[in-house]
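Listed in order, the protein sequences are those of chains A and B.
Those letters in the first sequence? Residues 129 to 459, per this note's numbering, in order.
Those letters in the second sequence? Residues 520 to 808, per this note's numbering, in order.
Treat the hints with care, as some may be off.
With beta-carbon atoms standing in for the labels, derived distance ranges [claimed, not checked]:
id : chain 1 : residue 1 : chain 2 : residue 2 : range
1  : A       : V384      : B       : P582      : 52 to 58 Å
2  : B       : A670      : A       : G436      : 31 to 37 Å
3  : B       : P616      : A       : A206      : 23 to 29 Å
Some chain B residues flagged as far from chain A (calculated, every beta-carbon gap over 10 Å) [said to hold, decoys possible]:
id : residue
4  : P582
5  : N643
6  : G745
7  : A770
8  : E787
Just so you know, the hints here were simulated from the structure itself, not pulled from any lab data.
All C-beta atoms, glycine included, are put in the ideal place defined by N, C-alpha and C.
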Amino acid sequence: MDFDIIFGNAARAGLGPQAAIFALAAIGLNLHFGYAGLLNFGQVGFMMLGAYGTAIVVATWGGSLWLGIPFGLGLCVAFALALGIPTLRLRSDYFAITTIAAAEILRLLIRSSPATDITGGPFGLQAIANSFFDLNFLPDGRFGWGTFSYSSNQLWVMIVAWILVVLCSALVLALIRSPWGRVVRAIREDEDAVLSLGKNTVAYKLQALVIGGVIGGLAGVIDALQQSGVGSENFEPQVTFFAWAALILGGLATTVGPVVGAVLFWFLREGVESFIRELSEQGWLPNALADFLDGAEGAISVVLMGVGLVALMALRPQGIFGRRRSLHLGT
Amino acid sequence: MSDATTIRPELTQAALEAAPPGRLKDDPILITFGMLKTFGGIRAVDIDHLEIERGTITAIIGPNGAGKTTLFNLLTGFDQPDRGSWRLDGRLLGGLPPHRIARLGMVRTFQLTKSLSRLTVLENMAVAAQTQRGERLERALLRWLWQPEEARLRERAQALLERFGLAHMAGDQAGTLSGGQRKLLEMARALMADPTLVMLDEPTAGVNPALTESLLEHIRELNAEGVTIVFVEHNMDVVMDISDWVVVMAAGRILTEGPPQEVVANEEVIDAYLGRPRDAADWEEAEDA
Ligand SMILES: Nc1ncnc2c1ncn2[C@@H]1O[C@H](COP(=O)(O)OP(=O)(O)O)[C@@H](O)[C@H]1O
Ligand SMILES: [Mg+2]
Numbered sequence: 129m130d131f132d133i134i135f136g137n138a139a140r141a142g143l144g145p146q147a148a149i150f151a152l153a154a155i156g157l158n159l160h161f162g163y164a165g166l167l168n169f170g171q172v173g174f175m176m177l178g179a180y181g182t183a184i185v186v187a188t189w190g191g192s193l194w195l196g197i198p199f200g201l202g203l204c205v206a207f208a209l210a211l212g213i214p215t216l217r218l219r220s221d222y223f224a225i226t227t228i229a230a231a232e233i234l235r236l237l238i239r240s241s242p243a244t245d246i247t248g249g250p251f252g253l254q255a256i257a258n259s260f261f262d263l264n265f266l267p268d269g270r271f272g273w274g275t276f277s278y279s280s281n282q283l284w285v286m287i288v289a290w291i292l293v294v295l296c297s298a299l300v301l302a303l304i305r306s307p308w309g310r311v312v313r314a315i316r317e318d319e320d321a322v323l324s325l326g327k328n329t330v331a332y333k334l335q336a337l338v339i340g341g342v343i344g345g346l347a348g349v350i351d352a353l354q355q356s357g358v359g360s361e362n363f364e365p366q367v368t369f370f371a372w373a374a375l376i377l378g379g380l381a382t383t384v385g386p387v388v389g390a391v392l393f394w395f396l397r398e399g400v401e402s403f404i405r406e407l408s409e410q411g412w413l414p415n416a417l418a419d420f421l422d423g424a425e426g427a428i429s430v431v432l433m434g435v436g437l438v439a440l441m442a443l444r445p446q447g448i449f450g451r452r453r454s455l456h457l458g459t
Numbered sequence: 520m521s522d523a524t525t526i527r528p529e530l531t532q533a534a535l536e537a538a539p540p541g542r543l544k545d546d547p548i549l550i551t552f553g554m555l556k557t558f559g560g561i562r563a564v565d566i567d568h569l570e571i572e573r574g575t576i577t578a579i580i581g582p583n584g585a586g587k588t589t590l591f592n593l594l595t596g597f598d599q600p601d602r603g604s605w606r607l608d609g610r611l612l613g614g615l616p617p618h619r620i621a622r623l624g625m626v627r628t629f630q631l632t633k634s635l636s637r638l639t640v641l642e643n644m645a646v647a648a649q650t651q652r653g654e655r656l657e658r659a660l661l662r663w664l665w666q667p668e669e670a671r672l673r674e675r676a677q678a679l680l681e682r683f684g685l686a687h688m689a690g691d692q693a694g695t696l697s698g699g700q701r702k703l704l705e706m707a708r709a710l711m712a713d714p715t716l717v718m719l720d721e722p723t724a725g726v727n728p729a730l731t732e733s734l735l736e737h738i739r740e741l742n743a744e745g746v747t748i749v750f751v752e753h754n755m756d757v758v759m760d761i762s763d764w765v766v767v768m769a770a771g772r773i774l775t776e777g778p779p780q781e782v783v784a785n786e787e788v789i790d791a792y793l794g795r796p797r798d799a800a801d802w803e804e805a806e807d808a
């Protein structure tokens, strides 16, 4: 049993671009749900628009990446408004249902054949990130030890992504500590009370939705950059749920919760997958079980993560960083 | 009566002349006319004409289901009437969303206390202050723009908390307060919004006698400072104690209104609300018919 390999794999995933992408998505969700109380089950929709908006400008229209990114984020603003304006006046469950449906409908539209000319349909779009990697000042080669190593370009994506994670965390923290954030947190507690104090709660919810959505869009942009392309299969509904898992793991309504949650999520997911693979390879498992697990290590890992999350909810429902007392005061 | 019709444009001269004694106020801050709200078949609120005199304490009494809370919801924009109009200081409020009505100076509390549990007591207060610069998203990050205002606001909040005996809990999460303290906080919070008219829905419900006493004292003080107060109350001792005017509701309608001493002596009120042997009530109804 080679724990170096397992740990190396786990650490590579926990610090890698995927973790940073999910950290960004979870930071957005944290603003939505942790602070504003908005149940957004369509965060992947924002990620998809950030990614596709960027890719379409570059690959389809031959524009600059530096125009593509703001275009993608602009689409996220539009999506937030389109989702929020009709539903945020209604009871909160209408909003929740709309988000999950809208994100999936959007994905199906993007991969549909009439959209192929623009989005690449089922084939996606490629070769969009050249001008991003042109800025890479790191030398070629691999960085790290053993399985815990990254290529120069991966490391470049990671540096940019983790800087964005820090900036977005700081942005949300500053917002939430301002009087604006006080109104937003008050709405989470009781919208009618806040209305009775003369605040236009729908406007605040909409603003929170837009900001958290744009942060989700940034996650999508990073995803498009690190793959230098986009494909609709990367934006299935489970992406949203993984981001939720990361957020809940780390703890709602905390600054570090979504970030640490995303790191842990990918660390554990990759670690468990790698562990199962090692077990089979070393012949420590009965043949029947090894055959059963073969090729399904990733799926099994996700299942175990789910079980672990349920256990966490039972033992420590506030997540790793959440305050238990706050949870009991929840309305 | 030309003056009376200018402040009550919805009312015809004939309706004005037919108004029951006491209904027309000298200086009404709130005038309601032809307000109807039905839920399915129930006429939850069906009020032809109601006025609230500026600077007074008005109690609304009536049995459960009389429509008191629904009336509050309608007046403050939390629910829409089937028909009817109402004016605050001459301004028509129909169709305005609740936050706009609150900004015009009519601030309400709720029958079921709505404390912002995971905000501190001080934050509960601060969030109620009106027109804060830092509440605008575009200024939220520009701390220096709102910091001085924030400091003043905290001072004012502290002073109010002091008055309501909650100052020592300013840093605690509101969810940790007792039921009575939450009622006090909700009222203090409403005041933080600088209202001209406060609508309190059962402010003393579930509050222990000692706290009730201090709550009533606050209501009196506030009123002395010129704030008009309308409150729903079931305890007749409280009503007799602090109100200048009593409106009695039953089955969505105004049964009668008047000074407290007059109202408690009213036969209909005794029937509908204060209670009397069932057969006696039946007998009265038979006589009416
Ligand atoms: N949202 C609602 N839906 C249906 N019926 C309601 C609703 N709100 C109030 N009612 C009905 O309207 C009537 C008045 O209720 P309410 O205003 O709460 O009375 P009160 O506050 O005087 O006890 C009651 O018959 C109640 O059942
Ligand atoms: Mg009521």
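How the hints compare with the structure:
no., hint, in the structure
1, V384(A) x P582(B): 52 to 58 Å, "54 Å, holds"
2, A670(B) x G436(A): 31 to 37 Å, "46 Å, violated"
3, P616(B) x A206(A): 23 to 29 Å, "25 Å, holds"
4, P582, "25 Å, holds"
5, N643, "8 Å, violated"
6, G745, "19 Å, holds"
7, A770, "26 Å, holds"
8, E787, "33 Å, holds"
Figure legend: structure checked against the earlier numbered hints; hints not met, in rising order: 2 and 5.
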